[in-house]
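J.: Given the coordinates of chain A, assemble chain B with the ligands onto it according to the supplied hints.
Sequence lines, in order, name chains A and B.
Just so we're aligned, residue 1 is where the first sequence starts under the numbering used here, counting upward by one.
Just so we're aligned, residue 1001 is where the second sequence starts under the numbering used here, counting upward by one.
Certain hints may be false.
Derived, one-sided and incomplete: chain A residues facing chain B with beta-carbon distance under 8 Å [what the hints assert, rightly or not]:
{"#": "1", "residue": "Val-2"}
{"#": "2", "residue": "Thr-7"}
{"#": "3", "residue": "Val-13"}
{"#": "4", "residue": "Asp-15"}
{"#": "5", "residue": "Phe-16"}
{"#": "6", "residue": "Ile-17"}
{"#": "7", "residue": "Val-21"}
{"#": "8", "residue": "Asn-25"}
{"#": "9", "residue": "Asp-41"}
{"#": "10", "residue": "Tyr-82"}
{"#": "11", "residue": "Gln-93"}
{"#": "12", "residue": "Ala-95"}
EDC-like cross-link-like pairs, simulated, lysine to aspartate or glutamate; straight-line CA separation at most 20 Å [what the hints assert, rightly or not]:
{"#": "13", "chain 1": "B", "residue 1": "Lys-1086", "chain 2": "B", "residue 2": "Asp-1037"}
{"#": "14", "chain 1": "A", "residue 1": "Lys-84", "chain 2": "B", "residue 2": "Asp-1165"}
{"#": "15", "chain 1": "B", "residue 1": "Lys-1140", "chain 2": "B", "residue 2": "Asp-1189"}
{"#": "16", "chain 1": "B", "residue 1": "Lys-1166", "chain 2": "A", "residue 2": "Asp-81"}
{"#": "17", "chain 1": "B", "residue 1": "Lys-1140", "chain 2": "B", "residue 2": "Glu-1085"}
{"#": "18", "chain 1": "B", "residue 1": "Lys-1086", "chain 2": "B", "residue 2": "Asp-1189"}
Think of the hints as simulated: they come from the structure by calculation, not from any bench.
C-beta atoms are modelled at their ideal positions from N, C-alpha and C, and glycine is treated no differently.
Okay, here's what each chain looks like letter by letter:
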Amino acid sequence: MVNNAATLGRSGVHDFIIIRVAGINLALYAIFLLGFFLTNDVNYLSWKSLFSNLGMQVFTIITLLSLLAHVWIGMWQVLTDYVKPVGLRFILQLALNAAAFSYVIAGLVILWRV
Amino acid sequence: MKKVFSIYRYNPDVDAKPYMKDYTLELEDGSDIMVLDALILLKEQDPTLSFRRSCREGVCGSDGVNMNGKNGLACITPLSHLQGEKIVLRPLPGLPVIRDLIIDMSQFYTQYEKIKPYLINDGKEQPAREHLQSIEERDKLDGLYECILCACCSTACPSFWWNPDKFIGPSGLLHAYRFLIDSRDTATDERLSELDDAFSVFRCHGIMNCVSVCPKGLNPTKAIGHIKSMLLNRAV
Ligand code: SF4
Ligand code: SF4
Ligand code: FES
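Extracted from the complex, chain A is given alone in its bound form (with noise of 0.2 Å):
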């Protein structure tokens, strides 16, 4: 057993299970926009009654925590491979957290406003 605190889930099941789901939402939040700008005429008013819709901004926010999760999760175990240096690990990670983590925030302000 390798003990570990930095990643998000408890244990290697839970990181293991939280990234996929997260993945899976990303993607079928990507074909859902992709879908989206293929099968309407795109303009401000589309895009703001599309964002007006609960079901819409509830599935935002989702992928906006879902990316938070992946990223946590995911640079983690790829920082933990490439960059052995504990301090400069450490920063890289606040900084990439602090990035997703500032994507939710900044989601949630916009959605809000709609």
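T.: Relative to the frame of chain A, chain B with the ligands by itself:
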């Protein structure tokens, strides 16, 4: 027929750093020998050349080397399988070199020890005579018990290169699964708990280098997939 070899040389007592040295071997035309036989002939030319070997027939696992960039057993790899003007021989990658083609396998064995490579039975259901297995139960061990711990797979695995102290590696995990599905072993749950962290099993990303090099034709990736499923089934 001339065969040229470029061999990794390093004797930490004398050399400041490793270097590649060229050797030439004169062979009978149309003949084909194993890489290990070539090494033994080259050792006659240069007695300082060091490598491990024992059984010379692919059963002991001591002569894993990197030949033209691919790990394998020198004793069962014919020269004819190696293309190119020069045959490049290096030690297995990722572990410390003791000398020339000899690596320090301690980290590999430490990972093997971690998975408790022996039957654990709590003795609660003692059979009258011995623990018998049905044919089906025994069949589950096929493709797992044959591993000879040559380390070709683990030293070809990028995840093991980056975290040899934390990731069990393909060979160790193959053995872990061998005991997880053994009908006579009663420690399945404890074994799974030991493996359920972010490194031991889950650092395997299914790159399958291990499968492509195993000289015994085993499939560690498949065994690792089964372990992941067992962990998932337990969690959900
Ligand atoms: S499949 Fe897994 S164990 Fe095998 S080489 Fe790839 S990462 Fe390593
Ligand atoms: S799985 Fe294959 S390559 Fe890996 S140690 Fe066992 S025999 Fe060698
Ligand atoms: S010498 Fe035993 S496996 Fe090659």
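J.: Provide an ascending list of the numbers of those earlier hints which the structure does not satisfy.
T.: Structure breaks hints 7, 8, 9, 11, 12, 17 and 18.
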